[in-house]
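Participant: Here are the chains, one letter per residue:
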Amino acid sequence: MRDSYLIKQAIYGIFQRWKANLTLVGCLASSFLVLAIFLLITLNLQNITEKLKGEAQIEVYLLDGITPEQIVLLRSTIQGYPEVEKVIFKSKEEAATQMEDYLGKEILKGLDSNPLPASFQVSLREEQRKFPIISRVSSEIQNLDGVEEVEFGREWLSKLDNAWSVFLTVDWIFGILVTLSVVLIVSNFIRVTVLSQTESIRVMKLLGASWKDIHLPLLLQGMILSGLGGLLGLLLTRGGYALFPIKSASLTFLSFHMMLGLVLGGMILGGGSSLWSIKKLV
Amino acid sequence: MRDSYLIKQAIYGIFQRWKANLTLVGCLASSFLVLAIFLLITLNLQNITEKLKGEAQIEVYLLDGITPEQIVLLRSTIQGYPEVEKVIFKSKEEAATQMEDYLGKEILKGLDSNPLPASFQVSLREEQRKFPIISRVSSEIQNLDGVEEVEFGREWLSKLDNAWSVFLTVDWIFGILVTLSVVLIVSNFIRVTVLSQTESIRVMKLLGASWKDIHLPLLLQGMILSGLGGLLGLLLTRGGYALFPIKSASLTFLSFHMMLGLVLGGMILGGGSSLWSIKKLV
Amino acid sequence: MLDLIEVTKRFDETPPALEDISFHMGRGEFVVLTGPNQAGKTTLLKLITMEETVTSGEIIFDQLSSRTIKKKQIPLLRRKIGRIYPDFRLINDLNIFDNIALCLRIGGGKENKVKNRVHQVMEKVGLSGKKGWFPGQLSAGEKQRAACARAIAHDPLLLLADEPTLNLDEKSSDEVLRWLQQINLLGTAVLHATRDFHPDQHNHIRTIKMEKGRLI
Amino acid sequence: MLDLIEVTKRFDETPPALEDISFHMGRGEFVVLTGPNQAGKTTLLKLITMEETVTSGEIIFDQLSSRTIKKKQIPLLRRKIGRIYPDFRLINDLNIFDNIALCLRIGGGKENKVKNRVHQVMEKVGLSGKKGWFPGQLSAGEKQRAACARAIAHDPLLLLADEPTLNLDEKSSDEVLRWLQQINLLGTAVLHATRDFHPDQHNHIRTIKMEKGRLI
Ligand SMILES: Nc1ncnc2c1ncn2[C@@H]1O[C@H](COP(=O)(O)OP(=O)(O)OP(=O)(O)O)[C@@H](O)[C@H]1O
Ligand SMILES: Nc1ncnc2c1ncn2[C@@H]1O[C@H](COP(=O)(O)OP(=O)(O)OP(=O)(O)O)[C@@H](O)[C@H]1O
Ligand SMILES: [Mg+2]
Ligand SMILES: [Mg+2]
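Residue numbers (numbering that gives the first Met the number 0), protein chains in the order written: chain E, 0 to 281; chain D, 0 to 281; chain C, 0 to 215; chain Z, 0 to 215.
Since the hints were derived computationally from the structure, they do not count as laboratory data. Glycine included, every Cβ here is placed at the ideal spot set by N, Cα and C. Some clues are possibly wrong.
Claimed, not checked - To give a feel for the contact side, a few chain E residues facing chain D, derived at Cβ under 8 Å: (1) Ile175; (2) Leu176; (3) Gly239; (4) Leu250.
To be verified - Computed footprint of chain Z on chain C, listed as stretches where at least three residues anywhere in the stretch have a Cβ under 8 Å from a Cβ of chain Z: (5) 112–124; (6) 133–141; (7) 165–179.
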């Protein structure tokens with residue numbers, strides 16, 4: 000048959016059985032919806048974790064006898080590291096004031112000298128805020144002259160990293176299962192659509208229809224229906240996201256590439272299921 | 000027809016089309032699996048939150064001039080609250096030692112007197128560890144004689160409560176969507192099963208089959224297939240849970256009632272879908 | 000037993016499929032209903048089994064009137080009727096035994112009685128070797144035999160046979176016609192609708208002729 | 000054009016459906032294939048269109064041999080054949096116009112040529128008023144006409160008609176048989192398989208008789 004006729008027929012066929020196809024697209028959309036929401040949650044939790052990690056700073060406590068010249072030198076050395084973004088100096092006096100604010104005026108009253116050390120607060124560039132990098136930079140700073148001790152919330156950071164890796168495990172398992180369900184459900188729904196045309200296919204073959212005559216319309220239908228399901232699922236997710244009660248600048252929606260991937264994946268899945276169903280049928 | 004025959008026929012029919020029904024049960028199982036995992040995650044996150052909240056204690060700082068008798072009296076008063084599980088006393092000296100451990104020996108050296116107050120650490124019974132109860136008990140203790148100040152990590156607790164309520168919102172939305180998908184998918188799959196028997200149903204009606212003759216076998220088939228889907232989904236979830244890499248005493252599986260509810264819900268859904276499909280058919 | 004009183008059936012299209020049909024069939028009578036394509040034979044049978052509703056007029060079968068019958072009584076009415084369709088309407092998921100047992104089971108028969116009776120009629124129509132076969136495995140002639148067996152197994156009050164010899168060669172046709180006469184002798188009234196009826200062979204049989212929805 | 004050489008077809012069951020069949024049909028010939036139920040008529044037609052494969056022997060149609068034909072060539076072979084089935088095999092999702100256009104479109108015809116030709120054959124078989132109707136809305140007689148129209152629309156080299164008058168009364172049957180003869184006069188060879196063939200009416204026509212899978 001002519002390609003133009005086959006394509007016309009595929010699209011016409013979808014409209015002809017619009018009622019069945021509407022439920023079909025609805026069911027597929029609900030599957031894709033679950034997948035999209037899953038991706039959305041994963042993505043945002045990852046963002047939040049990254050952001051929390053970003054708040055991690057390195058506290059560099061300086062030796063008590065350090066001279067202002069040494070401080071300037073040290074500061075420029077640290078600032079010179081490629082990973083470092085910002086270095087803030089906190090003098091002994093500032094440290095004492097903060098301590099008093101925190102524990103009350105009396106706490107340091109009777110002491111002969113201020114026991115608190117001066118310090119730098121070092122924050123790293125955003126893309127470098129990862130546990131191994133922070134850890135390495137810290138130990139490098141530790142070896143510099145004039146540094147007494149370096150602290151960077153090791154415990155808290157590694158806890159966060161642990162929690163994230165546990166979550167990632169669960170997330171992967173869940174993600175694989177959701178994806179498997181989507182594949183299973185889409186392929187089965189498409190199979191039912193193809194099976195409903197068993198009689199037509201048989202008759203067409205008896206009348207001399209070629210491989211392409213049989214496969215092209217069903218391939219197109221599978222791709223269109225599944226693609227529409229994916230698109231509708233995405234739109235619903237976007238709608239739900241827009242209505243989501245908690246607004247925050249750190250919330251993001253799926254990137255264009257992810258959305259494209261979802262819809263294209265849906266289309267490939269739908270088309271593949273069509274071809275596979277015909278194969279099992281004939 | 001005789002009930003015995005109808006029931007036999009329903010079960011026989013399932014085995015007869017075992018190939019189609021196996022895919023069917025597989026698809027339903029994958030839907031129920033997603034639902035079960037969703038429930039499992041919700042349940043465990045709730046448990047963890049409860050546990051974190053449970054670690055919240057009330058710190059009761061005592062007046063400086065308090066006598067040992069007053070301390071004993073106060074202790075027994077607090078211990079007498081029905082919500083309270085345990086009261087631990089920390090003397091001024093113990094507080095000082097802890098402070099020194101934390102900030103260094105020198106910190107309290109020059110002071111004329113120990114500025115740190117004695118205190119009670121009060122923990123509540125497990126079922127009472129909720130923000131409003133902790134808050135109420137705290138303010139009751141605040142009004143007792145000899146108490147200077149009460150602290151209970153208000154900020155941290157309310158943050159946790161907030162985070163949990165945000166999560167609950169997302170969770171509810173997601174849960175409703177997952178449930179909707181399951182309903183949509185199960186009902187559609189059952190509809191396809193019923194539709195595949197359209198011809199039989201028509202012929203049976205023409206031969207004088209009663210309402211029950213038509214509906215009972217399909218109702219049973221819908222219930223059995225969907226119930227099996229639910230059961231298989233649960234078993235798979237249980238299997239995944241057993242293989243889950245992180246073990247912890249605070250992880251729990253779904254309760255027996257939840258599992259029962261899932262399977263029964265699946266059966267009702269399947270049966271209902273059957274009846275509804277026949278209704279639309281006839 | 001069966002009375003049609005000025006029955007008219009109109010589908011959406013303008014010319015009515017049946018117009019002003021009246022006739023009576025007594026218990027145990029054998030009637031051949033004949034006429035060309037579109038005469039309305041099949042439609043008439045459908046009205047009797049209440050597959051279609053009468054537009055005007057009345058059909059009374061075994062004291063049940065098409066005017067007053069309740070929806071719940073329709074299955075009871077159908078159980079008194081045996082039906083042979085030109086396209087067999089065997090259930091593809093059931094084997095031949097279960098297909099033939101269908102009317103008996105719908106009637107609520109006990110399983111051992113059902114079994115005996117089904118074996119009996121399968122023997123009669125020459126299908127006793129094919130109990131476990133499915134309709135898809137049978138030739139047209141064998142399906143026709145099975146359809147006949149199903150229609151007569153429960154000893155109906157009335158047998159409505161629509162083109163029961165359509166798919167058969169002359170030898171098998173004659174056989175089926177013989178069965179219709181045999182079951183008629185056992186007390187079942189038979190209404191045999193067919194296009195190509197040759198009255199010279201059976202001129203002792205009451206014949207109703209139709210054309211374009213009217214008796215002639 | 001069509002040669003069957005010692006063709007045997009055996010299904011799993013022991014007695015072969017066709018045994019040692021040989022005959023030749025020339026271009027534009029008209030042949031009636033007759034025989035009772037189970038003779039193997041339909042099976043023979045299926046072998047010609049390669050719906051079933053020959054167990055032994057050879058079929059040669061228009062230089063394509065059943066021994067050497069490739070799977071890809073089967074559609075090309077079928078496009079040269081017109082086919083009328085006893086159960087019509089119209090596609091329920093397509094209206095009558097599209098059903099009749101099917102063979103033309105499968106042949107790759109241009110839409111405006113397809114349109115002209117379909118209108119022409121619909122006129123011929125008397126269906127011009129029902130272009131947009133669907134098979135489910137037609138009577139058996141009208142479906143039979145549509146099936147005939149579909150089979151002859153693309154001017155096939157060979158027309159295989161399996162019981163084309165099964166659902167028709169005598170008047171319509173004669174009409175369909177006339178069409179078969181008309182299309183034959185235009186150059187299409189016709190193989191007409193039927194159970195009830197009355198040789199006295201058409202004794203100038205070549206007849207092949209079969210019984211139990213053999214020519215007699
Ligand atoms: N469901 C329907 N909707 C519309 N018209 C119908 C329907 N059923 C039957 N008809 C029309 O009623 C008329 C009588 O058809 P019927 O099938 O009863 O004829 P028949 O005598 O059985 O013909 P045949 O010998 O071809 O079986 C026809 O014109 C047909 O088109
Ligand atoms: N797919 C098949 N599997 C097994 N046996 C078959 C199959 N198709 C046909 N047969 C057998 O082949 C024989 C010939 O059948 P066929 O349908 O060709 O006869 P026919 O002459 O067309 O009969 P009818 O007049 O009833 O149409 C029969 O015995 C039939 O049971
Ligand atoms: Mg009829
Ligand atoms: Mg045949």
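Participant: All hints, please: hold or fail.
Facilitator: For each hint, the structure was consulted:
1. Ile175: Since the shortest Cβ distance to chain D is 10 Å, the answer is violated.
2. Leu176: Holds, about 6 Å.
3. Gly239: 6 Å, holds
4. Leu250: Violated, because the Cβ-Cβ distance from E:Leu250 to chain D comes to roughly 11 Å (cut-off 8 Å).
5. 112–124: violated (count 0)
6. 133–141: With 3 residues closer than 8 Å to chain Z, the stretch 133–141 of chain C meets the three-residue bar; holds.
7. 165–179: holds (count 7)
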